[in-house]
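Protein sequence lines correspond, in order, to chains A and B. For the first sequence, this note's numbering gives the first residue as 10, with consecutive numbering after it. For the second sequence, this note's numbering gives the first residue as 127, with consecutive numbering after it.
If you're looking for bench data, these hints aren't it; they were derived computationally from the structure. Being a predicted model, the structure only gives us computed values, none of them experimental. In this text, a Cβ means the ideal position worked out from N, Cα and C, and glycines have one as well. Do not rely on the hints blindly, as some may be mistaken.
Unchecked claim - If you want the footprint, here are the derived chain B segments under chain A, 3+ residues with CB under 8 Å:
| hint | stretch |
| --- | --- |
| 1 | 181-191 |
| 2 | 196-208 |
Unchecked claim - Covered by chain A, according to a simulated footprint, are these stretches of chain B (three or more residues, beta-carbon under 8 Å):
| hint | stretch |
| --- | --- |
| 3 | 149-159 |
| 4 | 309-315 |
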Amino acid sequence: MADRTDVGAALAHVAMGDHRALAVLYRATAPRLYGLCLRILGDPAQAADALEDIYAAVWSGADDFDPGQGTAMAWLVTLARDIAIDRRRATGAAPDPGPQDAAPRRGAAGACLDQLPGRQAEAVERAWFDGQDAEALAAHWGVDAPRARARLLAGLFGLRRCLAG
Amino acid sequence: MSGPGGLSRAGEDRGGGDVEARTAEYVLGLLGPAEAEAFRRLAEGDPDIAARVAVWRETLAALADSLPAAVPPPGLWRRIEARLFGRPAPLWRRLGIGQAVIGGALAAAMVYGALQYGVLDLAPEAPPLTATLAAPAGDRGGAGPIARVDLDPAAGRLVARVAGPSPVPGRSLQLWLIVGDAPPVPLGSVSPGAPARLPLPGPPAGAAGLEGALLAITDEPAGAPAAGPGGAVLAIGPITRP
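Here chain A stands alone, though its shape is the one from the complex (with noise of 0.2 Å):
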């Protein structure tokens, strides 16, 4: 994909000490970053210190990418979502609780979720972009740990089979 291509080569840069390139995979990626923080933390303000975190993080970090280990995107994604959950769970900044689903979903990963069973795409929501662990989502649904994380891992696996497929 040209864009994945791009974000790549603007990462070696920036591995490299290129400031340029950390501005070209700033206006690259900075749009979806920042929704993704906005979604984990709830609030505008959090969301761009998060942020800046993540593009200090992506400075100072860029030479640990390990192309064997996925795609630069990927890697600036897993990031990204890391920072702003460490964030939360520091500040306690989170978005209203409650479904949130306000807006559908999008893209090729909101198609595959909607086609899950409905508890195993929420489980799979709430452990990524919330940061629950199998006994917070046992505690939310009011069932066993084991049972709610088999249904994770049921979304897990349904995610990626359909993503792939």
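Assemble chain B onto chain A, guided by the hints.
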């Protein structure tokens, strides 16, 4: 609990032994700290595990695209730039060229270029030697490249920053060192955009010989540098102390 149709039972967790489930949980950050660290080391050493991590990272990262994109606050990049790089001064001010001397369009291009440059990343103190290159006297003004070159003879290197139009495809900008009557020495190609870090030939600590020498940029064919400059001199300037 039922799994999605068509997925083998091996793909679903049955007590934590399945490597795919474990990998997914690792990527999700659901493993405890010790487990996660052990898994990270495992992935580093084992290409098969690394490949499984890659697939799960791609899968989960796709979830970001299920959300609407959002425009970050307008000042945020400047904030990031200031935090990581410090605020750049406009290039025309750093070159010491008055705005009246250069054409308005080129001045605008130079300021825009400065926004992309970031700060000098040599040592914070002033470079031992420097040169400002501009169009040769007598040329009708302002349409060619302008450059600032910082030289560190003791370290055997230089950094060249160029503003102005990029060479057309098939052509390149070549930097030359002219010491006294000696033939020009090719230093390498330069271009607007990222600074060119080039080796500076000659004996280390040969600063005395360089002061007063000339640097020039000429228009050359792209590819291996020619033995001598063949194209037009686009910019030239003397090497001086800052």
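Numbers of the earlier hints that this structure fails to satisfy, in rising order: 4
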